[in-house]
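Colleague: Letter by letter, the chains look like this.
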Amino acid sequence: MSGGALFLAVFLACVVEAVEALTIVLAAGTGRDWRSAITGVVSGLVVLAVVVAVLGPALTLIPLGILRLVVGGLLLIFGLQWLRKAIMRASGLKALHDEDAIFATELAAAQAAPAGRRGVVADWYSFTLSFKGVVLEGLEVAFIAVTFGANQQNIPLAAVAALAAVLVVAAAGIAVRAPLARVPENTLKFIVGIMLTSFGIFWGAEGAGAVWPGADAALLVVIPAVALFALALVALLRRLAAQPTAATVNPQAAS
Amino acid sequence: MNRVSAIFAFWYDFIVGDDWRVAVGVIVGLVATYGVSTTAVPAWWVLPAAVVLLLPLSLWRVARGRAKADRPG
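From first to last, the protein sequence lines stand for chains A and B. Counting in the working numbering, the first sequence tops out at residue 280, every number present. Counting in the working numbering, the second sequence tops out at residue 74, every number present.
Among the clues, some could well be false.
Straight-line distance between alpha carbons at most 20 angstroms, and here's what the computed SDA-like set of lysine to any residue pairs gives [claimed, not checked]:
| no. | chain 1 | residue 1 | chain 2 | residue 2 |
| --- | --- | --- | --- | --- |
| 1 | A | Lys110 | A | Val259 |
| 2 | A | Lys119 | A | Val208 |
| 3 | A | Lys110 | B | Arg62 |
| 4 | A | Lys119 | A | Asn211 |
| 5 | A | Lys157 | B | Ile8 |
| 6 | A | Lys110 | B | Asp20 |
| 7 | A | Lys157 | B | Arg4 |
| 8 | A | Lys110 | A | Arg263 |
| 9 | A | Lys110 | B | Ile16 |
| 10 | A | Lys110 | B | Val17 |
Cβ-Cβ distance ranges computed for the label pairs, FRET-style [as the list claims (entries may be wrong)]:
| no. | chain 1 | residue 1 | chain 2 | residue 2 | range |
| --- | --- | --- | --- | --- | --- |
| 11 | A | Val193 | B | Ala7 | 32 to 38 angstroms |
| 12 | B | Tyr13 | A | Ala74 | 21 to 27 angstroms |
| 13 | A | Pro249 | B | Val32 | 23 to 29 angstroms |
| 14 | A | Ala200 | B | Ala33 | 48 to 54 angstroms |
| 15 | B | Arg4 | A | Pro238 | 48 to 54 angstroms |
| 16 | A | Pro82 | B | Tyr13 | 23 to 29 angstroms |
| 17 | A | Val67 | B | Phe11 | 19 to 25 angstroms |
| 18 | A | Gly90 | B | Arg62 | 31 to 37 angstroms |
It is worth saying that the hints were derived from the structure and are not from the lab. Where a beta carbon is used, it is the ideal one built from N, C-alpha and C, also for glycine.
Working from the sequences, and respecting the hints, build out all of it.
Modeller: And the structure:
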């Protein structure tokens with residue numbers, strides 16, 4: 026796999042999670058206290074940096090075959106979760122991710138919560154809300170960055186991709202000062218799900234002893250094949266959803 | 002003990018998600034790939050085949066659950 030694909034996969038995954046984290050931080054800052062919210066963000070980023078700094082070098086010590094088996098399997102489980110949810114959203118089985126609605130809910134909860142100071146943190150609620158938002162959303166990205174980077178033996182590039190995505194989203198958030206609702210989040214999640222699933226299939230099979238026809242070039246077939254399969258499932262589920270149920274056609278049949 | 006179970010629940014949700022059958026199916030697929038790779042038959046097709054089975058099955062369970070929930074009465 027080229028460095029470009031590694032960069033793209035990590036960058037897109039990180040953009041999606043960073044947009045979600047930004048919504049939570051904006052709610053904490055707007056509804057409560059900006060200083061505490063930003064302290065929470067910085068603390069969360071430090072925790073994620075430590076996770077990457079510890080986990081990254083540790084993973085590179087594992088023999089490549091075992092690493093690909095374990096990481097490929099985990100990425101495939103992870104990717105199928107992302108892809109399943111993305112297909113459900115695209116076909117109408119699950120509500121689309123709406124940053125404006127999430128922001129309104131988080132803001133109302135933040136404004137209703139009681140105030141409280143702990144140590145140097147002026148507003149504990151803002152701090153913990155931002156901290157949890159950054160750590161929980163960032164953990165998936167840290168996992169993706171570390172596993173992709175370790176498999177390609179290029180963790181620095183994965184870290185740069187993640188950092189670039191955080192900076193882009195943070196800059197956009199500062200400029201707009203509102204949730205980034207216009208980012209095509211659902212489409213990005215679909216693409217990330219396809220990439221995680223494809224690389225999970227590729228590395229998992231390699232780690233388990235399979236030999237791909239064409240070696241790395243097989244990815245050029247696997248990725249489009251997974252994409253086409255996912256799109257076909259969306260089309261099929263949409264068609265099924267559009268069909269009237271027996272109860273609708275003949276109400277007496279349901280009674 | 003509550004904290005331990007909360008940590009376990011977090012990692013379970015983080016890695017396995019809301020359909021454990023997918024995780025089990027992937028592990029079975031990896032074991033099958035290894036098994037086939039020890040023979041003269043190419044093994045690269047096993048995991049793609051597993052995905053072709055697992056993803057629609059998982060979606061079908063969700064769709065069926067929704068259809069049952071929507072059914073009147």
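Colleague: Hint by hint, note whether the structure agrees.
Modeller: Hints, one by one, checked against the model:
no.: 1; hint: A:Lys110 / A:Val259; in the structure: holds, 11 angstroms
no.: 2; hint: A:Lys119 / A:Val208; in the structure: holds, 19 angstroms
no.: 3; hint: A:Lys110 / B:Arg62; in the structure: holds, 13 angstroms
no.: 4; hint: A:Lys119 / A:Asn211; in the structure: holds, 11 angstroms
no.: 5; hint: A:Lys157 / B:Ile8; in the structure: holds, 14 angstroms
no.: 6; hint: A:Lys110 / B:Asp20; in the structure: holds, 11 angstroms
no.: 7; hint: A:Lys157 / B:Arg4; in the structure: holds, 16 angstroms
no.: 8; hint: A:Lys110 / A:Arg263; in the structure: holds, 14 angstroms
no.: 9; hint: A:Lys110 / B:Ile16; in the structure: holds, 15 angstroms
no.: 10; hint: A:Lys110 / B:Val17; in the structure: holds, 14 angstroms
no.: 11; hint: A:Val193 / B:Ala7: 32 to 38 angstroms; in the structure: holds, 34 angstroms
no.: 12; hint: B:Tyr13 / A:Ala74: 21 to 27 angstroms; in the structure: holds, 25 angstroms
no.: 13; hint: A:Pro249 / B:Val32: 23 to 29 angstroms; in the structure: holds, 27 angstroms
no.: 14; hint: A:Ala200 / B:Ala33: 48 to 54 angstroms; in the structure: holds, 51 angstroms
no.: 15; hint: B:Arg4 / A:Pro238: 48 to 54 angstroms; in the structure: holds, 49 angstroms
no.: 16; hint: A:Pro82 / B:Tyr13: 23 to 29 angstroms; in the structure: holds, 27 angstroms
no.: 17; hint: A:Val67 / B:Phe11: 19 to 25 angstroms; in the structure: holds, 23 angstroms
no.: 18; hint: A:Gly90 / B:Arg62: 31 to 37 angstroms; in the structure: holds, 34 angstroms
Violated hints are absent here; each numbered hint is respected by the structure.
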